[in-house]
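Can you make the complete structure from the sequences, with help from the hints?
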Amino acid sequence: MVNESDEERDPPDGDVVDRLRTVLMRGQRQLRLTYTDDSLSPTQLEVLAMVVRRGPLRVSEVASFEGLNPTMLSRIVAKLEVAQLVTRITDVDDGRVVHVAATAQGRTLYETIRRQRSVALALALDDLSPRERRTLAAALPALETLVASIKQRR
Numbered sequence: 317m318v319n320e321s322d323e324e325r326d327p328p329d330g331d332v333v334d335r336l337r338t339v340l341m342r343g344q345r346q347l348r349l350t351y352t353d354d355s356l357s358p359t360q361l362e363v364l365a366m367v368v369r370r371g372p373l374r375v376s377e378v379a380s381f382e383g384l385n386p387t388m389l390s391r392i393v394a395k396l397e398v399a400q401l402v403t404r405i406t407d408v409d410d411g412r413v414v415h416v417a418a419t420a421q422g423r424t425l426y427e428t429i430r431r432q433r434s435v436a437l438a439l440a441l442d443d444l445s446p447r448e449r450r451t452l453a454a455a456l457p458a459l460e461t462l463v464a465s466i467k468q469r470r
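Oh and the sequence shown: position 8 is 324 in my numbering, straight run, nothing missing.
There may be inaccurate statements among the hints.
What the hints assert, rightly or not - For each label pair, taking beta carbons as the anchor points, the in silico distance ranges come out as:
| no. | residue 1 | residue 2 | range |
| --- | --- | --- | --- |
| 1 | K467 | S434 | 16 to 24 Å |
| 2 | R335 | Q421 | 36 to 44 Å |
| 3 | T406 | L441 | 43 to 51 Å |
| 4 | D407 | M341 | 34 to 42 Å |
| 5 | D407 | V332 | 45 to 53 Å |
| 6 | D407 | R337 | 38 to 46 Å |
| 7 | F381 | D353 | 18 to 26 Å |
| 8 | V463 | T424 | 24 to 32 Å |
| 9 | Q468 | T424 | 29 to 37 Å |
| 10 | R335 | T424 | 31 to 39 Å |
| 11 | T406 | D334 | 42 to 50 Å |
| 12 | Q421 | L340 | 28 to 36 Å |
Just so you know, the hints here were simulated from the structure itself, not pulled from any lab data. Because the structure is a prediction, the values reported are computed rather than measured. Just so you know, even glycine gets a beta-carbon here, dropped at the ideal spot from N, CA and C.
Here it is, written out as structure tokens:
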């Protein structure tokens, strides 16, 4: 008989890993597609979201959080700045340090996108049975831990 501690040490089934990776990627892609704007890339929208949620942030912090090299991030911030979604702020204590902050227009766009994605997800959840919704809700802590673990290993 296999006890729970032995099961925890077993390597994950390759099929489970592939299915989970696929469903997470497809789900994220489908949610991204609920808001389409050819003028902004998914990475630009992710940077905007981070600045709205956590900002104002140092440019170096954004690069670290998003896993972007500074040159690429500089281009992304410049594009967001031209679109009037973010602004650069020089640190008052150290003029060499630049922070990125969301503008009112950037915060409004972020909230619009967040609302659209939440509505799309809520409608999809309505298509599930009550049992499937309970199963999904019960899996949320494990999924949150999984995502945190992936981020930590980067």
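Now for the hints, and whether the structure bears them out:
Our hint of 16 to 24 Å for K467 and S434 holds, since their Cβ atoms are close to 22 Å apart. The supplied range of 36 to 44 Å is met by R335 and Q421, whose beta-carbon atoms lie about 40 Å from each other. Distance hint check for T406 and L441: the Cβ-Cβ separation is about 45 Å, which falls inside the suggested range of 43 to 51 Å. Taking 34 to 42 Å as the suggested C-beta distance range, the pair D407 and M341 conforms, at roughly 37 Å.
At roughly 47 Å, the beta carbons of D407 and V332 sit within the given window of 45 to 53 Å. D407 and R337 have their C-beta atoms about 40 Å apart, which keeps the hinted 38 to 46 Å range intact. Between F381 and D353 the C-beta distance comes to about 22 Å, which sits within the given range of 18 to 26 Å. Between V463 and T424 the C-beta distance comes to about 27 Å, which sits within the given range of 24 to 32 Å.
Remark: the range hint 29 to 37 Å for Q468 to T424 is upheld by a beta-carbon distance near 33 Å. As the Cβ distance of R335 to T424 is approximately 37 Å, the hint placing it in 31 to 39 Å holds. Taking 42 to 50 Å as the suggested C-beta distance range, the pair T406 and D334 conforms, at roughly 47 Å. Under the hint 28 to 36 Å, the C-beta atoms of Q421 and L340, about 31 Å apart, fit the expected range.
Against the hints set out earlier in the document, no violation occurs for any number.
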